[in-house]
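A.B. asks: Here is how the chains run, residue by residue.
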Amino acid sequence: MLARTVRVRLRAPLGRLREFASKADPWAKAWGSSADGGQGQEAERASPRTRSTPAAPQEGGRVSAELIEHLQRLALVDFGSREAVARLEKAIAFADRLHAVDTDGVEPMASVLEDRCVYLRADNVGEGSCAEEVLQNSRHIVEEYFVAPPGNIPLPKLGKQDPFSHS
Amino acid sequence: MAAPILRRGFPGGRWALVWIHGGCRHRNGAPTGPTHGSTRGRSSVAQQSLQTAQKPRKGEHKWETVVGLEVHAQISSNSKLFSGSKVCFAAPPNSLVSFFDASLPGTLPVLNRRCVEAAVMTGLALNCRINKKSLFDRKHYFYADLPAGYQITQQRLPIAAQGSLKYSICTGQRRSQMVTKTVRIKQIQLEQDSGKSLHDDLRCQTLVDLNRAGVGLLEVVLEPDLCCGEEAATVVRELQLILQALGASQANMAEGQLRVDANISVHHPGEPLGVRTEVKNLNSIRFLAKAIDYEIQRQISELENGGEILNETRSFDHKLGCTVPMRDKEGEQDYRFMPEPNLPPLVLYDTSCLPAGADPQQVINIDRIRDSLPELPSVTRDRLVGEYGMLPEHSFVLLNEVGLLEFFQNVMKETRAEPKKVTNWVLNTFLGYLKQQNLAVSESPVTPSALAELLNLLDRKVISSSAAKQRA
Chain E
1 MLARTVRVRL
11 RAPLGRLREF
21 ASKADPWAKA
31 WGSSADGGQG
41 QEAERASPRT
51 RSTPAAPQEG
61 GRVSAELIEH
71 LQRLALVDFG
81 SREAVARLEK
91 AIAFADRLHA
101 VDTDGVEPMA
111 SVLEDRCVYL
121 RADNVGEGSC
131 AEEVLQNSRH
141 IVEEYFVAPP
151 GNIPLPKLGK
161 QDPFSHS
Chain P
168 MAAPILRRGF
178 PGGRWALVWI
188 HGGCRHRNGA
198 PTGPTHGSTR
208 GRSSVAQQSL
218 QTAQKPRKGE
228 HKWETVVGLE
238 VHAQISSNSK
248 LFSGSKVCFA
258 APPNSLVSFF
268 DASLPGTLPV
278 LNRRCVEAAV
288 MTGLALNCRI
298 NKKSLFDRKH
308 YFYADLPAGY
318 QITQQRLPIA
328 AQGSLKYSIC
338 TGQRRSQMVT
348 KTVRIKQIQL
358 EQDSGKSLHD
368 DLRCQTLVDL
378 NRAGVGLLEV
388 VLEPDLCCGE
398 EAATVVRELQ
408 LILQALGASQ
418 ANMAEGQLRV
428 DANISVHHPG
438 EPLGVRTEVK
448 NLNSIRFLAK
458 AIDYEIQRQI
468 SELENGGEIL
478 NETRSFDHKL
488 GCTVPMRDKE
498 GEQDYRFMPE
508 PNLPPLVLYD
518 TSCLPAGADP
528 QQVINIDRIR
538 DSLPELPSVT
548 RDRLVGEYGM
558 LPEHSFVLLN
568 EVGLLEFFQN
578 VMKETRAEPK
588 KVTNWVLNTF
598 LGYLKQQNLA
608 VSESPVTPSA
618 LAELLNLLDR
628 KVISSSAAKQ
638 RA
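Read top to bottom, the protein sequences are chains E and P.
According to my numbering, the first sequence is numbered sequentially starting from 1.
According to my numbering, the second sequence is numbered sequentially starting from 168.
Bound-form chain E, shown alone (with noise of 0.2 Å):
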């Protein structure tokens, strides 16, 4: 637990980090509680809170073991170390600077292509029949099927394994 407290305070020093997951956030006006930030910096990606999660980065953008926790059971990734805690702290630094934008009134965009529509296929079947190819990037397959285990694994419980336990 000391170790814990002790790496917390250790980020606080990263510079002045704006709060995260503002009332101005547009995503989460469009999908309720459950929204995006949309960052693109990490292959880790971050979620502003939802119903069950732990709270949002208090003022000075730390984020908490919890939320971290939390991550990496969403999103199977592995914050290993505090480094990469710092990175994605810089990174929700980094997008919050949109926030200086003024777009009241602005209907936000969905893709950068919004100008043209969406292209149409014609309704023919012109792929498929290639099982083989397909199964060949499996390395245990049964019969044409390819291997998953019984369900899924759950992750370790939160305290019984240190997330930074290999940093």
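Honestly, the hints are just simulated from the structure, not real lab data.
Partner residues are not named here, just some residues of chain E that face chain P (Cβ under 8 Å, in silico): (1) L74; (2) V125; (3) E127.
Glycine is no exception: its CB is placed at the ideal position from the N, C-alpha and C atoms.
Guided by the hints, dock chain P onto chain E, whose structure is given.
C.D. replies: Then chain P, alone, in the frame of chain E:
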């Protein structure tokens, strides 16, 4: 007067009409409500045997039930929603899988025009507002049969929204009054189907077949306006008939072309809504009704005994006739919706705003689709009542039994007998005979011409009624 007859024990669970006794208020201690108005021949929910024995206790509380449905219908098309793989029910495993369906890197989704048309047709048939611009999103979750780790769907701005579906149920003491009710449609969206998982518990593994992955689905989200299993069953049956009439989907529940999830909660009148549970994996209309009724009773008993309802996902064990919690569902899911970056908005047009000189293959005209909609079941029923003077209940039975309407119309063409007589014969004698022999209309040894001839003889009083029945 002919009363509708239902096929006994048929897993497809055809529902001609719904009998409801005095609304859907469930009483404390005595499980009354929809189950005790069950149609003849349908096996009843386990609780039903109790209700005749128990009397309502004094100072009982009434419960209000809220049921919301989410219906997934597989679109009837040659190829999948975003790839050119074939759509086919039974095929060798993983033989209908393209690189996109297997989610191999470097592949992109390409939207199927036919699926969009099917969605527009369904939206129009359900009185929805068709959104001229709709967007695609990604819904993320991990499961072995979802190779990409996300499903492309239309959560934010679906193709159609805010419609309604009318259905009829029978109420009153003698089940003679037909009441028309409406359920609101929240939205209709296009989405991808996932693959199929076969659980091999013996070897502790799951076998995954991606033939179904990527097939186009129409998700119809209904507002929670329903209150019991029978209303839900009627609504689903009506939706099935509409989809089949449009040709948008074959909507065969047994083959998994129509899947229904139910969200159920109970509360006291005047109080806020209770915690809801979701019941999934219902593959017949009969089980849908049973599962909903069981879950309602379970929730009521649980709350009355001081327990609480968990917001969980349950499945229906049809052998035991009860709902059980589903494994593998850990609490509330966070789907992390985001816009699908590989698909621009889907834009639809109507005659007033068709772009000039546009490629017709790339343009979908809503008005053109509206004009070419086939006759919907409700219109057909009204027409039958008007043309042949039959009772509304009869029109329901004629439509509910596969192939029966066509049979009836063929008989009408070749006979001079009165429509009412033909109706009576077809619905009672003929259908009764089929049920007895457990045959479908298509398997009937009696052809429409044969029946027509028989009725002609009867009409001319050449043979007597009982002789005719024997001959049939």
